[in-house]
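Visitor: Given next are the chains, with one letter for each unit.
There are 2 protein chains.
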Amino acid sequence: MRADARRNRQRLLDAALQVYAERGADDASLDEIARRAGVGIGTLYRHFPTRQALLEAVYRDQVEELCATARELAGQTPPGQALERWLRALMAFATTKKNLSTALMSGPDKSEVAMSCSTMVREAAAGLLAEAQRTGQVRGDVDVVDLLRMSHALAIAADMPHSHPDQGERLMSVLLDGLRPQPPGQS
Amino acid sequence: MRADARRNRQRLLDAALQVYAERGADDASLDEIARRAGVGIGTLYRHFPTRQALLEAVYRDQVEELCATARELAGQTPPGQALERWLRALMAFATTKKNLSTALMSGPDKSEVAMSCSTMVREAAAGLLAEAQRTGQVRGDVDVVDLLRMSHALAIAADMPHSHPDQGERLMSVLLDGLRPQPPGQS
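Residue numbers (this note's numbering), protein chains in the order written: chain A, 1 to 187; chain B, 1 to 187.
Just so you know, the hints here were simulated from the structure itself, not pulled from any lab data. Predicted model, so just to flag it, every value in this text is computed and none were measured. Even for Gly, the Cβ is constructed at its ideal location relative to N, Cα and C. Some clues are possibly wrong.
[Said to hold, decoys possible] Taking lysine-lysine and the DSSO-like style, the derived pairs with C-alpha atoms no more than 27 Å apart in a straight line are: (1) B:K97 - A:K98; (2) A:K97 - B:K98; (3) A:K98 - B:K98; (4) B:K97 - A:K97.
[Claimed, not checked] The following residues of chain A were derived to be distant from chain B, with all beta-carbon distances above 12 Å: (5) R2; (6) A3; (7) A5; (8) D31; (9) G38; (10) G42; (11) R51; (12) E64; (13) L66; (14) C67; (15) A68; (16) L73; (17) L100; (18) R134.
[Claimed, not checked] To give an idea of the interface, some chain B residues facing chain A are shown, with a C-beta separation under 8 Å as derived from the structure: (19) H152; (20) A153; (21) L175; (22) L179.
The task is simple: from the sequences and hints, build the whole structure.
Guide: Encoded structure:
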C-alpha cells in the first residue's frame, strides 16, 4: 500500500472509532466517517467494501494498538508499573469494545475475528503479568483470565447510572492495590 | 396474616426465586412455582394477583434479606469482617437481580420498586462501610457507590464466557485486599 493510501486508511479507522463512540456502531453514517477523515466516500469503499469490513478493521486496529502498547511497556522497569499502565489501556479498550461488539458479533466472520483478537490480547496480558509476578510486584495467585475479566467488568460498572464520574479509575485503584503481594496472615 | 398464610407466602417466594433462576423470570411457569411451593395455584393468585406482583415481591424479599444480614453482621466484630461477609452476600444478590431485572424493569411501577430497594441496599452498605472505616479496617477513600458498583462488576465478570468456575470469588479476594488501608508510599 502506498504511503498516502496507508494514511487515508488510518484516518478512516480513527474517524470511524470516533463516530461509533458518538452514535453507536449500528447508526454510524459512512458519509460522516469519510467526511471526518477528510476523504471521499469512494476512498472509504475502496478500503472497506462493507460496513462490516470497516467495523472489523477498527476493532482489529484497536487490538493491535493495545498489543503494541504491551510491547513498549514490557521494556520498562518496574514490571509492576508496566502492568498497571497496560491495565488502564485495557480498560479503555473494554469500553471501546462494548461500543463495537454488538454490531461486530452479528457479522458472518464473528468467531474468526473475535478469536484471533482475543488470543492476541491474552498473550500481551500474559507476558506483562508473568514479568510482574516473577519480580514479586504482583501476587502469584491471579492469572490472565482474572485480569481480563476484571478489566471488562470494571468498564461495565463504570458505565452504570449514578456512578462517580471517575468510577472506572476509582475501582481500578482498589484493584491495583489488591493485586500487590499481600502481607502474610492478613486474609 | 395468619401464620399458615405467611408460611405459604414465603414458600411461594422461595420457589419462585428457584424457578426464575432455572428458567428465567419471563419463562417461569406459575403452575410450576405453586407446585414446588406445595400449594394450589389458587393460593398463589390470592397472594400474588399478577406475574408482576410475584416478581416484585421476590425482589423485595431478597433485598429485605440482604438488609437483615447487614443488621446481624453489624453486631459482629471486627467490622472489616462484617463488611467482607456482607459484600459476598451482595455479590450473590447482584446475580439474582440480574435474573430478575429485565422482567422487573418492564412493569409499570418499576421506578418505585427499584428506588425503594436501592435506597435500602445503599443504607445497609453505608452503615457497614462507615464502621469498617472508623475502625481503620477499610481505606477511607472508597464510598458506598464504589462498593455497590464493585459487587455488580464482580457478578458480571463471574458470568462471562471462559471465566474460571470460581471467578467471582477469585476477583472478590483481590478486591477485598485492595479495600484494606494501604501502606503509605506504595501507590
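Visitor: For each hint, tell me whether it holds in the structure or not.
Guide: Hint-by-hint comparison with the structure:
1. B:K97 - A:K98: At roughly 22 Å apart (the allowed maximum being 27 Å), K98 (chain A) and K97 (chain B) satisfy the hint.
2. A:K97 - B:K98: holds (22 Å)
3. A:K98 - B:K98: holds (18 Å)
4. B:K97 - A:K97: holds (25 Å)
5. R2: It holds; R2 (chain A) is separated from chain B by about 41 Å at its closest Cβ, greater than 12 Å.
6. A3: holds (40 Å)
7. A5: About 38 Å separates A5 (chain A) from the closest Cβ of chain B, which puts it past 12 Å; holds.
8. D31: Per Cβ check, D31 (chain A) is outside 12 Å of chain B; nearest 36 Å; holds.
9. G38: With a cut-off of 12 Å, G38 (chain A) remains clear of chain B, as the shortest Cβ separation is near 39 Å.
10. G42: holds (40 Å)
11. R51: About 26 Å separates R51 (chain A) from the closest Cβ of chain B, which puts it past 12 Å; holds.
12. E64: The claim holds: E64 (chain A) sits with its nearest Cβ about 22 Å from chain B, beyond 12 Å.
13. L66: holds (18 Å)
14. C67: holds (19 Å)
15. A68: holds (24 Å)
16. L73: holds (18 Å)
17. L100: Fine: 17 Å to the nearest Cβ keeps L100 (chain A) off the interface.
18. R134: Holds, because the least Cβ-Cβ distance between R134 (chain A) and chain B comes to about 19 Å, which exceeds 12 Å.
19. H152: Holds: closest Cβ of chain A sits about 6 Å from H152 (chain B), inside 8 Å.
20. A153: Nearest chain A Cβ about 4 Å off; hint holds.
21. L175: holds (5 Å)
22. L179: holds (6 Å)
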